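Participant: Here is what each chain is made of, one letter per residue.
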Amino acid sequence: MLTGLNVGVLALQGDFERHLYRLHALGLKGREVRRREDLAGLDGLIIPGGESTTMNLLIDRFEMREPLTDLCRTKGVWGTCAGMIMLARAVDDARIKPLGIIDISVQRNAYGRQVHSFHTSISVNWNGRPRNLSASFIRAPQVAAYGPEVKVLAEYEKNPVLLSQRNCLVSSFHTELNDDLTLTKYYLESFVSVFK
Amino acid sequence: MNLEDKDYKIRVGLAEMLKGGVIMDVINPEQAKIAEQAGACAVMALERVPADIRAEGGVARMADPSIIEGIKKAVSIPVMAKCRIGHFAEAEILEALEVDFIDESEVLTPADYKYHIDKWRFRIPFVCGCRNLGEALRRISEGAAMIRTKGEAGTGDISEAVKHLREINSAMKKLTVMSAEELNGMAKELAAPIELVQMVARLGKLPVPNFAAGGVATPADAALVMKLGAEAVFVGSGIFKSSNPEKRAKAIVTATAQFNNPEVVAECSRGLGEAMKGITAAAIPEENLLQVR
Numbered sequence: 093m094l095t096g097l098n099v100g101v102l103a104l105q106g107d108f109e110r111h112l113y114r115l116h117a118l119g120l121k122g123r124e125v126r127r128r129e130d131l132a133g134l135d136g137l138i139i140p141g142g143e144s145t146t147m148n149l150l151i152d153r154f155e156m157r158e159p160l161t162d163l164c165r166t167k168g169v170w171g172t173c174a175g176m177i178m179l180a181r182a183v184d185d186a187r188i189k190p191l192g193i194i195d196i197s198v199q200r201n202a203y204g205r206q207v208h209s210f211h212t213s214i215s216v217n218w219n220g221r222p223r224n225l226s227a228s229f230i231r232a233p234q235v236a237a238y239g240p241e242v243k244v245l246a247e248y249e250k251n252p253v254l255l256s257q258r259n260c261l262v263s264s265f266h267t268e269l270n271d272d273l274t275l276t277k278y279y280l281e282s283f284v285s286v287f288k
Numbered sequence: 023m024n025l026e027d028k029d030y031k032i033r034v035g036l037a038e039m040l041k042g043g044v045i046m047d048v049i050n051p052e053q054a055k056i057a058e059q060a061g062a063c064a065v066m067a068l069e070r071v072p073a074d075i076r077a078e079g080g081v082a083r084m085a086d087p088s089i090i091e092g093i094k095k096a097v098s099i100p101v102m103a104k105c106r107i108g109h110f111a112e113a114e115i116l117e118a119l120e121v122d123f124i125d126e127s128e129v130l131t132p133a134d135y136k137y138h139i140d141k142w143r144f145r146i147p148f149v150c151g152c153r154n155l156g157e158a159l160r161r162i163s164e165g166a167a168m169i170r171t172k173g174e175a176g177t178g179d180i181s182e183a184v185k186h187l188r189e190i191n192s193a194m195k196k197l198t199v200m201s202a203e204e205l206n207g208m209a210k211e212l213a214a215p216i217e218l219v220q221m222v223a224r225l226g227k228l229p230v231p232n233f234a235a236g237g238v239a240t241p242a243d244a245a246l247v248m249k250l251g252a253e254a255v256f257v258g259s260g261i262f263k264s265s266n267p268e269k270r271a272k273a274i275v276t277a278t279a280q281f282n283n284p285e286v287v288a289e290c291s292r293g294l295g296e297a298m299k300g301i302t303a304a305a306i307p308e309e310n311l312l313q314v315r
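These protein sequence lines map, in sequence, to chains A and B. Letter by letter, the first sequence follows residues 93 to 288 in the numbering used here. Letter by letter, the second sequence follows residues 23 to 315 in the numbering used here.
Honestly, I wouldn't trust all of these hints.
[What the hints assert, rightly or not] Stretch by stretch, here's where chain B covers chain A in the computed footprint (C-beta under 8 Å, at least three residues):
#1 108 to 118
#2 202 to 212
#3 225 to 234
#4 251 to 264
[What the hints assert, rightly or not] Cut-off 20 Å, straight-line C-alpha distance, at most; resulting in silico cross-link-like pairs (EDC-like, lysine to aspartate or glutamate):
#5 B:Lys31 - A:Asp272
#6 A:Lys277 - A:Asp152
#7 B:Lys227 - A:Asp135
[Said to hold, decoys possible] Which residues of chain B face chain A? A partial, calculated answer using Cβ under 10 Å:
#8 Leu36
#9 Leu40
#10 Gly43
#11 Val44
#12 Ala60
#13 Ser88
#14 Glu91
#15 Lys95
#16 Val101
#17 Ile146
#18 Leu250
#19 Lys269
In case anyone wonders, no lab produced these hints; they're calculated from the structure. These numbers were taken from a predicted model, which means no experiment stands behind them. Quick reminder that beta carbons are idealized off the backbone N, C-alpha and C, glycines included.
Please put together the full structure from these sequences, using the hints given.
Facilitator: Structure representation (structure tokens):
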């Protein structure tokens, strides 16, 4: 049962509230993760969108890097937008030290400033079942390169936008802003439940 | 007005991304870098901070584009800029400059005392100040993607922001228990569209992010407004008018993220040097108040 899963959302800065709404809509309690102690006992963690420079600084300021990295190595984790940047192996910006969970290198704000943010529909094909995700790209990053272990689950204009490696899922876009539960459900079923 | 419009949702989306963060007023690239290094989630590019606008008087306008460009180059976080109330030509310039957010702000001298900008026709999201629920809903009906309290900018006195937050919260709470007839009456009283009044009654909160601004000068001020339900904090003069901006900026970011953790707020409040001197908002004559604009 998904509802029994204990999933946290990193709530140092960003759109953590929208992710929590989606978890609530699926019957999960969800937990705001603001301190080290909040990481204990979690079955999975979502790192939301927001400003990666801010998150990066606060992870160190609140002494969370080590327990956070440990959790992200073993449990089902999902990073959206800035969260994808934090979970990457490399970022094109010396201001950010990513956690190195998924073998991708990322370019920040690759689509440009807010005026170039957009909404679109992303096609995915999971186990032969095609679906569309309602996707918002907000000052979104792009994946510049990815390693052999990484699976590309969806592309937009030939760029990989949804990828996974073992226990880690990343998306450069947001579905949590759009009342679309598809990706949240997929994350819970195929990552959190599997790596519980 | 269509809050379900996809482009509008993209604008509100950026406001969502700023939640839990601190947006700092800066007047040059050096200050912008200090703000970013302290953990600001965005900066507001200005020619003068509100305390100086207040002290110097005269007409306050949109910043020189070269200041905004310089700040955009210096940092990777979103850059906001202010235009005068009703001055849609300034807003078009800011859109052409590709700032990430426009603040249609009472801190600048209004260009139009009757009408606010029609914000629906812009691709860039707008934030607007308000003192009460009626103002907030009118600004949303004009297309604002984020609401902030007005407070009394440039004073370092938090009492007006507190008043505005409490005002909005208590008005929203009342709506949640009202009958359909009462809501119709409230729409009239608030001079706001009935659809928005009904939405707030259903949600118990605004349909867009609700941030605090005006008078934040200490980490404790930031924690206070967050505890009162603000979802992020704007700091104007409070940082760069203090004796140690780097340290204070960092402390206010820490206090905003850990507002429910008084031990952490206590720790980051130590030894910050002098806060901005400020003025008591209650001592300002009505005609000099920025919030009534």
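Participant: Does each hint fit the structure? Answer for all of them.
Facilitator: Hints versus structure:
Residue count for the region 108 to 118 of chain A with a Cβ under 8 Å from a Cβ of chain B: 3. That meets the three needed, and the coverage hint holds. Residues of the region 202 to 212 of chain A with a Cβ under 8 Å from some Cβ of chain B number 7, which satisfies the need for three, so the listed coverage holds. With a threshold of 8 Å between beta carbons, the proposed coverage of the region 225 to 234 of chain A by chain B holds, since 3 of its residues qualify and at least three are required. Proximity of the region 251 to 264 of chain A to chain B, defined as three or more residues with a beta carbon under 8 Å from a beta carbon of that chain, is not established by the 0 residues found.
In summary, the hint linking Lys31 (chain B) to Asp272 (chain A) is supported, as the alpha carbons are separated by about 13 Å, within the 20 Å threshold. A threshold of 20 Å between alpha carbons decides the hint, and for Lys277 (chain A) with Asp152 (chain A) the separation of about 30 Å lies outside it, so the pair is violated. As the CA atoms of Lys227 (chain B) and Asp135 (chain A) are separated by approximately 31 Å, the hinted pair breaks the 20 Å bound. This hint holds: Leu36 (chain B) has a C-beta 5 Å from the nearest C-beta of chain A, less than the 10 Å allowed.
A distance limit of 10 Å between C-beta atoms decides the matter here; for Leu40 (chain B) the minimum to chain A is near 8 Å, and the interface restraint holds. At a threshold of 10 Å, the smallest CB-CB gap from Gly43 (chain B) to chain A is about 5 Å, leaving the interface hint in force. For Val44 (chain B), the interface hint holds, the least distance from its beta-carbon to any beta-carbon of chain A being 9 Å, beneath 10 Å. Interface restraint check: Ala60 (chain B) against chain A, minimum CB-CB distance 8 Å, threshold 10 Å, status holds.
With 10 Å as the threshold, the beta carbon of Ser88 (chain B) stays out of range of chain A, its nearest partner Cβ sitting at about 18 Å, so the hint is violated. The restraint placing Glu91 (chain B) at the interface with chain A is violated, with a minimum CB-CB distance near 12 Å, outside the 10 Å limit. Proximity of Lys95 (chain B) to chain A is violated relative to the hint, the smallest CB-CB distance being about 12 Å (cut-off 10 Å). Annotation: interface hint on Val101 (chain B) holds; nearest CB of chain A at approximately 8 Å, less than 10 Å.
Taken as an interface hint, Ile146 (chain B) checks out: its beta carbon lies about 6 Å from the nearest beta carbon of chain A, inside 10 Å. This hint is violated: Leu250 (chain B) has a C-beta 17 Å from the nearest C-beta of chain A, more than the 10 Å allowed. Violation of the interface hint for Lys269 (chain B) is found here, the shortest Cβ-Cβ separation to chain A being roughly 13 Å, above the 10 Å cut-off.
In the structure shown, a violation is registered for the earlier hints numbered 4, 6, 7, 13, 14, 15, 18, 19, in ascending order.
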